[in-house]
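Chemist: Using the sequences plus the hints, can you model the full thing?
So the sequences go chain by chain: G and B.
Just so we're aligned: 660 in this note's numbering is position 1 of the first sequence, and the numbers increase by one with no gaps anywhere.
Just so we're aligned: 261 in this note's numbering is position 257 of the second sequence, and the numbers increase by one with no gaps anywhere.
Hint data in this document are derived by calculation from the structure and do not stem from the laboratory.
If a hint is listed, it holds; no wrong ones were tucked in.
Estimated spans, in silico, between C-beta atoms of each pair: (1) B:129 / G:798: 44 to 54 Å; (2) B:150 / G:818: 18 to 28 Å; (3) B:98 / G:940: 11 to 21 Å; (4) G:789 / B:52: 45 to 55 Å; (5) G:927 / B:31: 46 to 56 Å.
Given the structure is predicted, the values throughout are model-derived calculations rather than measurements.
Glycine included, every Cβ here is placed at the ideal spot set by N, Cα and C.
Each chain, written out:
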Amino acid sequence: MLAFLQDYTIQTVAMGAALLGTISGVLGCFAVLRRQSLLGDTLSHAALPGICLGFLWAGARELEALLAGAFLTGAAAALLVLLIAARSRLKTDAALGIALSVFFAIGVVLLTRIQAGGGGGQAGLSTFLFGQAAAMLRADLWVMAAVTAVAILIVVLLWKEVKLVTFDPGFATAAGLPVVALEIALTVMIALAIVVGLQLVGVVLMTAMIVAPPVAARQWTRRLETMVLLSAGFGVAAGVTGAMISATARGLSTGPVIVLAISAIVLVSLLIAPGRGLIWTGLAALAERRRLRGRQVLLTLYRLAEEHRDPAYPAEKGTLDAYHRAATGPALARLEAEGLVRSVSHHPEPTPHWELTPEGHARAEDLAGRPERAK
Amino acid sequence: MADDAALHEPDLALHVEDLTVSYHGAPVLWDIDLDIPQGVMAAIVGPNGAGKSTLIKSVLGLVRPIAGHVRLFGLPYRNARRRVGYVPQRSSVDWDFPTTALDVVTMGLYGRLGWFRRPGRREREAAMAALGEVGMQDYADRQISQLSGGQQQRVFIARALVQDADLYFLDEPMAGVDATTERAIVAILRRLRDRGRTVVVVHHDLQTVRSYFDWLVLLNVRIVAQGPVAETYTAANLRQTYGGQIALLEPGDPVPGARPAEPAPTDPRHLETMPRP
Chain G
660 MLAFLQDYTI QTVAMGAALL GTISGVLGCF AVLRRQSLLG DTLSHAALPG
710 ICLGFLWAGA RELEALLAGA FLTGAAAALL VLLIAARSRL KTDAALGIAL
760 SVFFAIGVVL LTRIQAGGGG GQAGLSTFLF GQAAAMLRAD LWVMAAVTAV
810 AILIVVLLWK EVKLVTFDPG FATAAGLPVV ALEIALTVMI ALAIVVGLQL
860 VGVVLMTAMI VAPPVAARQW TRRLETMVLL SAGFGVAAGV TGAMISATAR
910 GLSTGPVIVL AISAIVLVSL LIAPGRGLIW TGLAALAERR RLRGRQVLLT
960 LYRLAEEHRD PAYPAEKGTL DAYHRAATGP ALARLEAEGL VRSVSHHPEP
1010 TPHWELTPEG HARAEDLAGR PERAK
Chain B
5 MADDAALHEP DLALHVEDLT VSYHGAPVLW DIDLDIPQGV MAAIVGPNGA
55 GKSTLIKSVL GLVRPIAGHV RLFGLPYRNA RRRVGYVPQR SSVDWDFPTT
105 ALDVVTMGLY GRLGWFRRPG RREREAAMAA LGEVGMQDYA DRQISQLSGG
155 QQQRVFIARA LVQDADLYFL DEPMAGVDAT TERAIVAILR RLRDRGRTVV
205 VVHHDLQTVR SYFDWLVLLN VRIVAQGPVA ETYTAANLRQ TYGGQIALLE
255 PGDPVPGARP AEPAPTDPRH LETMPRP
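Modeler: Okay, here's the thing in structure tokens:
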């Protein structure tokens, strides 16, 4: 195990995945909150033609040229999206879809053209589709670390500006903030994050690294600060876990395993997060149903008691079941636990009977007086 | 521009001249000349699509006009920004954003805090005081998604109050709030006006214009009429503003399916918005 952790390649890949998780987790929060989840998808797909152009320009698989190309075409796609959204009647989602398909199509055409052309070194290009972690070098880590540090520094320094632009861009503009410049800065940083992750995860799955960590983090917190930190943490956890899993098993590609790891975190968060998780809201709905049923049964007992002019009128359980067309046993048991009703025997009938306690009578009177009272 | 520094109509809270805004070739606002004096509570009223929100947004620099100029206390907006408070439409933001009511109110101070500076205790105290003014101090730490529509609107108004402005623009603050909140909002705005501030409200409810406001701007792409409510709120002006979308119900004026208005034949309070026949 120790030997495994000391493996040079595995160390490199794990550190790269952690850096990618950090930058995409932090920047993804703002993309998701600005309802631009698809921006990452468009930018990463638009990186493909840039990679091919970088290859053609350099004449070989030189990483710097490929990533510079990826960044440039990604930025061009982002610009196209802004232009379409501002100058036409199309909404941003349609503009994102158009830019994605056009740029990715050009990328695939260029890719197949290069591959058909033959020659050495071109075979490596298609690894950018799904990423190839093993190709990462230590030197690449420094580039990733520098980009991540710059992005985090900008977010920390411009925290309140970025927050206001994300929450309410109209108010931010009126307050005198340079909203367009801040939005461009956020978009450029997301493009950088994507370029950083291309080697590891590839253009097709890169969007998951932007969208998934914030979505999972949003489930657990009510504060933007915590959301950003959690999102980065989830990104790192998924990146390192994915890198480790793919290193221990043969034939598991790192990028997709990382994406599966973050997807698992999202799934768990959607299910069990307190307050927002599906299980939580399901339980809350169940508790609400039970509360209502308890109130209804209590009121039925109260009305029966009124009808018979006897505050402690013992009602037969069968009567209650028939009135509610359901078994009232569980509701009665819960009311009994609250001390609002008690079980009594009503000689000579052998069946169970229930009557209101004085507290139950008072509560029912209260409910009957204000039946739709707010909680 | 050289003449930006020179005051132009400094006695008016808002002065708009020749303002034209178009969207995809169609004019949304056309040749708007508008003056609002200081210390009034003004309503901007008009049918859907009249450009009411666009008018506010172009005054605040959120929409770029193709012609005309705007002056606030004699200055262009960017020089008068500190004196202006803004309450956007409540539906313009995502209320599931992870933040608290107090934090949203504090955002009203971001503009004057300057770059890199964090809001501190003084900013939080100012925000708490503003929340108190709208009766929301008990909800300071509440997640904004857990607030009702009326409470969210109050938070938005508190964010504008904390700006401590001389001129406030509110975009449909009474939309989708209950009657209690509406009364509370009107009371807050009246207090502002009574302190000498100017309040400009995009309003959608003709019924309440006369009881809430003292200045009225009737808008339908062009300015139809403007001035003190008592002089401006006339049947002729309203009919001209709402055009075919409104029917003036008068006795002996049969409208299918509608009951003729009974009292005061020319009382414009009995204007009802009606679908076109």
